[in-house]
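Novice: Listed in order, the protein sequences are those of chains R and E.
Quick note on the numbering used here: the first sequence kicks off at 1 and runs consecutively.
Quick note on the numbering used here: the second sequence kicks off at 1 and runs consecutively.
Hints are computed from structural coordinates only; laboratory data are not their basis.
A hint or two may mislead.
To be verified - Pairs of lysine to aspartate or glutamate residues, derived as DMTMM-like cross-links and limited to a Cα-Cα distance of at most 20 Å, are as follows:
| # | chain 1 | residue 1 | chain 2 | residue 2 |
| --- | --- | --- | --- | --- |
| 1 | E | Lys-300 | R | Glu-89 |
| 2 | R | Lys-181 | E | Asp-227 |
| 3 | R | Lys-18 | R | Glu-92 |
| 4 | E | Lys-73 | E | Glu-89 |
| 5 | R | Lys-204 | R | Asp-227 |
| 6 | E | Lys-204 | R | Asp-227 |
| 7 | R | Lys-297 | E | Asp-51 |
| 8 | E | Lys-76 | E | Glu-102 |
| 9 | E | Lys-181 | R | Glu-216 |
| 10 | R | Lys-85 | E | Glu-216 |
| 11 | E | Lys-204 | R | Glu-89 |
| 12 | E | Lys-180 | R | Glu-216 |
| 13 | E | Lys-186 | R | Glu-273 |
Stated by the list, open to error - Label pairs and their calculated CB-CB ranges:
| # | chain 1 | residue 1 | chain 2 | residue 2 | range |
| --- | --- | --- | --- | --- | --- |
| 14 | R | Asn-163 | E | Asn-97 | 58 to 64 Å |
| 15 | E | Leu-152 | R | Asp-159 | 50 to 56 Å |
| 16 | E | Asn-215 | R | Ser-86 | 28 to 34 Å |
| 17 | R | Thr-253 | E | Asn-215 | 30 to 36 Å |
| 18 | E | Lys-156 | R | Met-1 | 56 to 62 Å |
| 19 | E | Lys-254 | R | Lys-286 | 25 to 31 Å |
| 20 | E | Glu-105 | R | Lys-282 | 57 to 63 Å |
| 21 | E | Lys-140 | R | Asn-163 | 55 to 61 Å |
| 22 | E | Lys-214 | R | Asn-130 | 35 to 41 Å |
| 23 | R | Lys-286 | E | Lys-20 | 54 to 60 Å |
| 24 | E | Asn-215 | R | Asp-90 | 47 to 53 Å |
We put the beta carbon where it would ideally sit given N, CA and C, even for glycine.
Here is what each chain is made of, one letter per residue.
2 protein chains.
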Amino acid sequence: MSIIVVGSTAFDDIETPKGKKTRVVGGSCIYFSLAASFLAKPKIVSVVGNDFSKQFFSKLNKKNIETSGLIVKNGKTFSWGGKYKSVSEDPETKFTNLNVFENFEPFIPKSYYLANKIIFLANIDPDLQNKVLDTVDSKKFIGMDTMNFWILSKRKSLDKAFNRIDLLTINELELGLITKKNSLDKSLKYIFDKYSLKYLIVKKGSAGSLLATKNELFWIPCYPFADMVDPTGAGDSFAGGLFSYLAKSNSITKKNIIKGMIYGSSIASFTIESFGTDKLFKLSKKELGIRFRYLTKMAKII
Amino acid sequence: MSIIVVGSTAFDDIETPKGKKTRVVGGSCIYFSLAASFLAKPKIVSVVGNDFSKQFFSKLNKKNIETSGLIVKNGKTFSWGGKYKSVSEDPETKFTNLNVFENFEPFIPKSYYLANKIIFLANIDPDLQNKVLDTVDSKKFIGMDTMNFWILSKRKSLDKAFNRIDLLTINELELGLITKKNSLDKSLKYIFDKYSLKYLIVKKGSAGSLLATKNELFWIPCYPFADMVDPTGAGDSFAGGLFSYLAKSNSITKKNIIKGMIYGSSIASFTIESFGTDKLFKLSKKELGIRFRYLTKMAKII
Numbered sequence: 001m002s003i004i005v006v007g008s009t010a011f012d013d014i015e016t017p018k019g020k021k022t023r024v025v026g027g028s029c030i031y032f033s034l035a036a037s038f039l040a041k042p043k044i045v046s047v048v049g050n051d052f053s054k055q056f057f058s059k060l061n062k063k064n065i066e067t068s069g070l071i072v073k074n075g076k077t078f079s080w081g082g083k084y085k086s087v088s089e090d091p092e093t094k095f096t097n098l099n100v101f102e103n104f105e106p107f108i109p110k111s112y113y114l115a116n117k118i119i120f121l122a123n124i125d126p127d128l129q130n131k132v133l134d135t136v137d138s139k140k141f142i143g144m145d146t147m148n149f150w151i152l153s154k155r156k157s158l159d160k161a162f163n164r165i166d167l168l169t170i171n172e173l174e175l176g177l178i179t180k181k182n183s184l185d186k187s188l189k190y191i192f193d194k195y196s197l198k199y200l201i202v203k204k205g206s207a208g209s210l211l212a213t214k215n216e217l218f219w220i221p222c223y224p225f226a227d228m229v230d231p232t233g234a235g236d237s238f239a240g241g242l243f244s245y246l247a248k249s250n251s252i253t254k255k256n257i258i259k260g261m262i263y264g265s266s267i268a269s270f271t272i273e274s275f276g277t278d279k280l281f282k283l284s285k286k287e288l289g290i291r292f293r294y295l296t297k298m299a300k301i302i
Numbered sequence: 001m002s003i004i005v006v007g008s009t010a011f012d013d014i015e016t017p018k019g020k021k022t023r024v025v026g027g028s029c030i031y032f033s034l035a036a037s038f039l040a041k042p043k044i045v046s047v048v049g050n051d052f053s054k055q056f057f058s059k060l061n062k063k064n065i066e067t068s069g070l071i072v073k074n075g076k077t078f079s080w081g082g083k084y085k086s087v088s089e090d091p092e093t094k095f096t097n098l099n100v101f102e103n104f105e106p107f108i109p110k111s112y113y114l115a116n117k118i119i120f121l122a123n124i125d126p127d128l129q130n131k132v133l134d135t136v137d138s139k140k141f142i143g144m145d146t147m148n149f150w151i152l153s154k155r156k157s158l159d160k161a162f163n164r165i166d167l168l169t170i171n172e173l174e175l176g177l178i179t180k181k182n183s184l185d186k187s188l189k190y191i192f193d194k195y196s197l198k199y200l201i202v203k204k205g206s207a208g209s210l211l212a213t214k215n216e217l218f219w220i221p222c223y224p225f226a227d228m229v230d231p232t233g234a235g236d237s238f239a240g241g242l243f244s245y246l247a248k249s250n251s252i253t254k255k256n257i258i259k260g261m262i263y264g265s266s267i268a269s270f271t272i273e274s275f276g277t278d279k280l281f282k283l284s285k286k287e288l289g290i291r292f293r294y295l296t297k298m299a300k301i302i
């Protein structure tokens, strides 16, 4: 089963209490697709500049990731620099150079589209997310991520998108920014009253994540033994794991979403153990399986 | 079923981002016993000064709490002042006046002892905890709490106690202080290699709590909708709820400890919604039941 992911590809300069790395390949769709590649065939829709290494394309292809929608444009690849004062806080953005991403027009190749039931719109400009949604039929299961920057600058466009998708992943701070409510119950009521989406996932960092539907709430733990080095990409890896689990199970139920979140948490716990995508590339299915089973057992409390 | 709790009774001056209150009745055994009173008959072993109101004794007795081991001494009641900069952090201690607590010699009345299988040693000087343990037979199920102050100042005494109890509750910071390890897995290994205790509960504030045994780990969520006003007493309320659940179920199994932790989390979620013990006194069994069932459902993810 394959999944389409629309998102960014980037060079990241990352500084955390554990060290510093420059020009690390990252971006939401890279983390997402690497994480998703264990259970599904991810198909990337993104753009890079001609400074992006051809070798990296083949590294992705070797991981069963389809890159024909990863367009190369004349110019420089999107780059971002961030510094994490502590690994549990949002990073301070040092610079954002959109470069070729500035004029990115996401386009889902027909070859991608037909066999796919699942699409993930990773964190990019909500205007672009809406453009993709214009071309997508309503039978697809659509997940979406966003960030504080878009919540503050393009709220109308986000509101539009939130009514066209099935599942939204955000973090606690972003939920508060969207709803302007000071409590979780009021925030959830706001979301499900205002938007037609069915599933809201609230990422809480090392405190795990919540799955909310209109009437129910579940708490999914995260792997507590991870050796945090760099949190970049944790959310996208989590989403990649979750959506690949849904693609593999071929049935989108609350139960499978919960299991998928445990699977996604397992992968994210590896992502954060190295800078960038290093660990995701090296990770074996066996290692991942051990952590997934551990987390499943840990979560099975009653 | 009754439970013996040995701990402090205090007047607290509390400041949180939500307000300020002075001379609030608190102390570990007050929070513990109020929380435990819904399912069991708590029997307090503690000391107060003659400035402590007689009325409060009858308020406790009306809640089915036995106070014949709550000794009145000439002098002032133990008092503590703390300021929480944020409700998720440990408070800054403004003052600690031990007063009558300075010469406290905990003594379990014979009338308490006979029918009881469960004893909780709330956070007090570990020398005193050991004195109680000297008088306790090994068939009792013994829980214990402590804090950073004793970990740093009376480690030998704590080590001795840790080898005489069944269950220890501490928070994440305290676990790190005890083990001096920088990861959870190393910390757990340290605890279970070094001490004979069977259950370790690591309290993680709004991120819930962990139950660890030598070979297993479980994550228990906390109620996510609580309207935090004052975190004081949350840990003692949690323990009171847990131990009353064990007393009521009359069988100390891993499963009952987990259910008891969910029950304890439910009660603690009320404790923090008011200054001091206000909410615990007003709380109805029905309200508590609703939150317990909600949290149980929320935790039942797979």
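Novice: Now tell me if each hint is right for this structure.
Specialist: Against the structure, the hints:
About 29 Å separates the Cα atoms of Lys-300/E and Glu-89/R, which puts this hinted pair outside 20 Å; it is violated. Straight-line distance between C-alpha atoms of Lys-181/R and Asp-227/E comes to about 12 Å, which keeps the hinted pair within the 20 Å bound. Proposed proximity of Lys-18/R and Glu-92/R is supported: the alpha carbons are some 16 Å apart, at most 20 Å. Straight-line distance between C-alpha atoms of Lys-73/E and Glu-89/E comes to about 34 Å, which puts the hinted pair past the 20 Å bound.
Only pairs whose Cα atoms come within 20 Å are accepted, and Lys-204/R paired with Asp-227/R is accepted, the gap being roughly 17 Å. Annotation: proposed proximity of Lys-204/E to Asp-227/R holds, straight-line Cα distance about 18 Å (limit 20 Å). Between the alpha carbons of Lys-297/R and Asp-51/E the distance comes to roughly 51 Å, so the proposed pair goes past 20 Å and is violated. Distance hint between Lys-76/E and Glu-102/E is fulfilled; the C-alpha atoms sit about 11 Å from each other, no more than 20 Å.
Taken as a hint, the Lys-181/E and Glu-216/R pair is broken in the structure, with Cα atoms around 38 Å apart against an allowance of 20 Å. A hinted pair counts as satisfied when its Cα atoms are at most 20 Å apart, and Lys-85/R with Glu-216/E does not qualify at roughly 33 Å. Between Lys-204/E and Glu-89/R the CA atoms are separated by roughly 17 Å; this keeps the pair inside 20 Å, and the hint holds. With a CA separation close to 40 Å, the supplied pair Lys-180/E and Glu-216/R exceeds the 20 Å bound.
Restraint check for Lys-186/E and Glu-273/R: satisfied, since their Cα atoms lie roughly 16 Å apart, inside the 20 Å limit. One distance hint, 58 to 64 Å for the beta-carbon pair Asn-163/R and Asn-97/E, holds here, with the actual separation near 59 Å. Roughly 52 Å separates the CB atoms of Leu-152/E and Asp-159/R, a value that falls within the hinted 50 to 56 Å. One distance hint, 28 to 34 Å for the beta-carbon pair Asn-215/E and Ser-86/R, holds here, with the actual separation near 31 Å.
The hinted range of 30 to 36 Å is satisfied by Thr-253/R and Asn-215/E, whose Cβ atoms lie roughly 32 Å apart. For Lys-156/E and Met-1/R, the hinted distance range of 56 to 62 Å is satisfied, since their beta carbons lie about 59 Å from each other. For the pair Lys-254/E and Lys-286/R, the beta carbons lie near 28 Å from each other, so the given range of 25 to 31 Å is met. In this structure, Glu-105/E and Lys-282/R meet the distance hint of 57 to 63 Å, their C-beta atoms being roughly 60 Å apart.
For Lys-140/E and Asn-163/R, the hinted distance range of 55 to 61 Å is satisfied, since their beta carbons lie about 59 Å from each other. Separated by about 53 Å at the C-beta atoms, Lys-214/E and Asn-130/R break the suggested range of 35 to 41 Å. Judged by the Cβ atoms, the range 54 to 60 Å given for Lys-286/R and Lys-20/E holds: they are separated by roughly 56 Å. Separation of Asn-215/E from Asp-90/R is about 36 Å and departs from the stated range, judged on CB atoms against 47 to 53 Å.
In summary, the numbered hints that this structure violates are 1, 4, 7, 9, 10, 12, 22, 24.
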